[in-house]
Amino acid sequence: AVVLCAYLEMEGIDLRDRSVIELGAGTGLLGIVVTLLGSKEPAGVRALYSTGCIEGRARVTITDRAAALEFLESNVQANLPPELRPRAVVKELTWGRDLDNFPAGAFDFILGADIVYLEETFAELLQTLEHLCSEQTVILLSCRIRYERDLKFLKMLRDRFSVYEVHYDSSKDVHIYKAQRGRHKDDF
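For the sequence shown, position 134 matches number 134 in the numbering used here, and the numbering has no gaps at all.
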């Protein structure tokens with residue numbers, strides 16, 4: 001999660017006024033950082049937001065399985081300033097199940113850090129990504145490639161999306177992949 005957080009900040013990816021969902025949030029670090037990054041105004045427009053309204057800030061849905069939600073919610077509450085808490089919503093999401101609880105194609109960004117490791121979840125993860133994606137959605141996944149199964153997931157992902165490696169942190173051996181529907185290699 002740390003590598004993907006740093007990538008989002010260093011690349012200056014504009015998350016303001018974007019709808020973002022994090023899958024398999026665990027501690028919630030990525031979703032918390034995205035909420036904070038999505039609240040930053042570029043230089044010169046700070047006065048436009050000084051009224052205290054929260055327009056123009058990221059809307060972040062932070063998800064995990066039911067067993068993780070209590071800890072996840074407490075981390076989000078403890079680590080976001082009160083004025084940003086309404087922008088981050090913690091919700092249950094078990095991949096491949098109850099997807100109707102999430103509007104199809106409603107997210108600008110789908111993020112996942114260290115979620116590719118259980119081969120038996122790959123089909124459900126891909127089903128969930130397909131449900132949440134529109135033609136414009138950008139998926140960013142960070143992971144280590146440790147085993148043959150990790151390469152198998154990338155192949156399955158490439159069968160459904162255009163996939164590009166956008167960053168590699170050699171010190172942590174973590175890859176970041178960008179995936180989108182169709183065959184384009186657009187900027188953010």
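Because the hints were derived from the structure by calculation, they are not lab data.
The beta carbon of each residue, even a glycine, is placed where N, CA and C say it ideally should be.
It cannot be assumed that every hint is accurate.
[As the list claims (entries may be wrong)] Quick list of simulated restraints, FRET-style, between CB atoms: (1) 182 - 70: 24 to 34 Å; (2) 67 - 11: 30 to 40 Å; (3) 12 - 100: 27 to 37 Å; (4) 14 - 146: 11 to 21 Å; (5) 148 - 14: 14 to 24 Å; (6) 94 - 149: 18 to 28 Å; (7) 83 - 152: 21 to 31 Å.
[Said to hold, decoys possible] Below, simulated SDA-like cross-link-like pairs (lysine to any residue); rule was C-alpha separation at most 20 Å, straight line: (8) 178 - 117; (9) 40 - 91; (10) 40 - 77; (11) 91 - 121; (12) 152 - 119; (13) 152 - 124; (14) 152 - 179.
Holds or violated: residue 152 and residue 179, Cα atoms, limit 20 Å. Cα-Cα ~15 Å, so holds.
Okay, residue 14 versus residue 146 on CB: inside 11 to 21 Å? Because 32 Å falls outside the window, the suggested range is violated.
Would you check the hint for residue 91 and residue 121, treating anything up to 20 Å between C-alpha atoms as holding? Since the Cα atoms of residue 91 and residue 121 sit roughly 19 Å apart, the hinted pair holds (cutoff 20 Å).
Evaluate the given range 30 to 40 Å for the C-beta pair formed by residue 67 and residue 11. Check passed, 33 Å falls within 30 to 40 Å.
Proposed proximity, residue 117 with residue 178 (alpha carbon, max 20 Å): holds, 18 Å
Would you mind confirming whether the straight-line C-alpha gap from residue 40 to residue 77 stays at or under 20 Å? This hinted pair holds, its Cα atoms lying about 19 Å apart.
Quickly compare the C-alpha distance for residue 40 and residue 91 to 20 Å and report which way the hint goes. Since the Cα atoms of residue 40 and residue 91 sit roughly 24 Å apart, the hinted pair is violated (cutoff 20 Å).
How does the Cβ-Cβ distance of residue 94 and residue 149 compare with 18 to 28 Å: does it lie in that range? Hint holds: Cβ distance 20 Å, inside 18 to 28 Å.
Range hint 14 to 24 Å (beta carbons of residue 148 and residue 14) holds or violated: violated, 37 Å
When you check the alpha-carbon spacing of residue 152 and residue 119, does it fall within 20 Å? Given that 20 Å is the threshold and the Cα spacing comes to 9 Å, the pair holds.
A range of 24 to 34 Å was offered for this pair. Does it hold for the Cβ distance of residue 182 and residue 70? violated, 39 Å
Holds or violated: are the alpha carbons of residue 152 and residue 124 at most 20 Å from each other? Judged against 20 Å, a Cα distance of about 14 Å means the pair holds.
Comparing the model with each earlier hint shows violations of hints 1, 4, 5, 7, 9; every other hint is respected.
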